[in-house]
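**Q** In the order they appear, the protein sequences are chains Y and B. In this text, residue positions in the first sequence follow the working numbering: the first is 1, and each later residue adds one. In this text, residue positions in the second sequence follow the working numbering: the first is 143, and each later residue adds one.
Don't take every hint at face value.
Listed next, with one range per pair, are the computed distances between beta-carbon atoms [stated by the list, open to error]: (1) Ser-162(B) with Ile-12(Y): 40 to 46 Å; (2) Glu-50(Y) with Cys-275(B): 47 to 53 Å; (3) Tyr-267(B) with Asp-128(Y): 45 to 51 Å; (4) Tyr-262(B) with Pro-119(Y): 44 to 50 Å; (5) Asp-87(Y) with Pro-193(B): 26 to 32 Å; (6) Ala-226(B) with Thr-36(Y): 27 to 33 Å; (7) Asp-266(B) with Tyr-125(Y): 24 to 30 Å.
Since the hints were derived computationally from the structure, they do not count as laboratory data. The C-beta atom is built at its ideal place from N, Cα and C for all residues, glycine as well.
Number of protein chains: 2
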Amino acid sequence: VSPSEKSGARLIALTSAVESRGSLSAATVGAELPFTPGRMFVVYDVPAGEPRGGHAHRACHQFLVAVHGSLVVDWHDGSRWHEASLDNPTVGLHIPPGIWGVQRAHSPGAVLVVMASHPYDRADYVSDFDEFCGLFGSVPDR
Amino acid sequence: VSPSEKSGARLIALTSAVESRGSLSAATVGAELPFTPGRMFVVYDVPAGEPRGGHAHRACHQFLVAVHGSLVVDWHDGSRWHEASLDNPTVGLHIPPGIWGVQRAHSPGAVLVVMASHPYDRADYVSDFDEFCGLFGSVPDR
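Take the sequences, apply the hints, and build the full model.
**A** Here it is, written out as structure tokens:
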């Protein structure tokens, strides 16, 4: 993606039924979930004060849901930093390619489920922030 | 699916890295996850003693991961009952179509993530056990 084609990360409400007999939150491909998953993963047992992430993807979309506990996601879209707290299963954060993301401030027992559009591919990661800025940073208008 | 084409439910180990800085369990489509998801949903805040499920699907595959806490899944494959405890994020239970499934014995805080092959479709549910046996029950050899 080039900076001009890129869209930002955004919070998306899942379809949820919160009921006394148990609650359900759902994301359907093409509706709440804006891509077809090629992989899902679960991040858990993260110690307090241990940030995760700190990279961007060249092609991979991600959709993050905090299904237990809470955490904070910081992301940079090439222009500036943004922040959101994920603290319940009724919302997902769509992070498209070209966004630098960090997860931090995990509560005890926090569980993050991530749907990814692609299988794991080390070459899809941009793990150096200066390189990220060069690839995805906004060029000021002249 | 006809009874003769049907395969049973089975437990599948995810690819996991259990580490002191946090743990990760992953399922890639075509590897641990035997179908492409069309929907994901999260079941949580289920009271103790409140069973969930109690139906089969005609076409939809499901892949269940207990990402926090634990629960028990009972399933009937048309011949007999089976049971598995799901109590950590490193394993998934693949339930193909034509299997009757029930989730029960949720621990406090249990969170179940389900990847489903199809969007929600009420017509895909078989919610009457006698009908299930007629559709998917094994015919004894004569």
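**Q** Taking the hints in turn, state whether each one holds.
**A** Hints, verified against the model:
Between Ser-162(B) and Ile-12(Y) the beta carbons are some 33 Å apart, a value that contradicts the proposed interval 40 to 46 Å. Checked against the hint of 47 to 53 Å, the C-beta distance between Glu-50(Y) and Cys-275(B) comes to roughly 51 Å, which is consistent with it. The hint said 45 to 51 Å for the Cβ distance between Tyr-267(B) and Asp-128(Y), and at roughly 49 Å that hint holds. Between Tyr-262(B) and Pro-119(Y), the C-beta spacing of about 26 Å breaks the proposed range 44 to 50 Å.
At roughly 28 Å, the beta-carbon separation of Asp-87(Y) and Pro-193(B) lies within the given 26 to 32 Å, and the hint holds. A hinted range of 27 to 33 Å holds for the C-beta pair Ala-226(B) and Thr-36(Y), which are about 28 Å apart. A beta carbon spacing of about 38 Å between Asp-266(B) and Tyr-125(Y) contradicts the range 24 to 30 Å that was offered as a hint.
Comparing the model with each earlier hint shows violations of hints 1, 4, 7; every other hint is respected.
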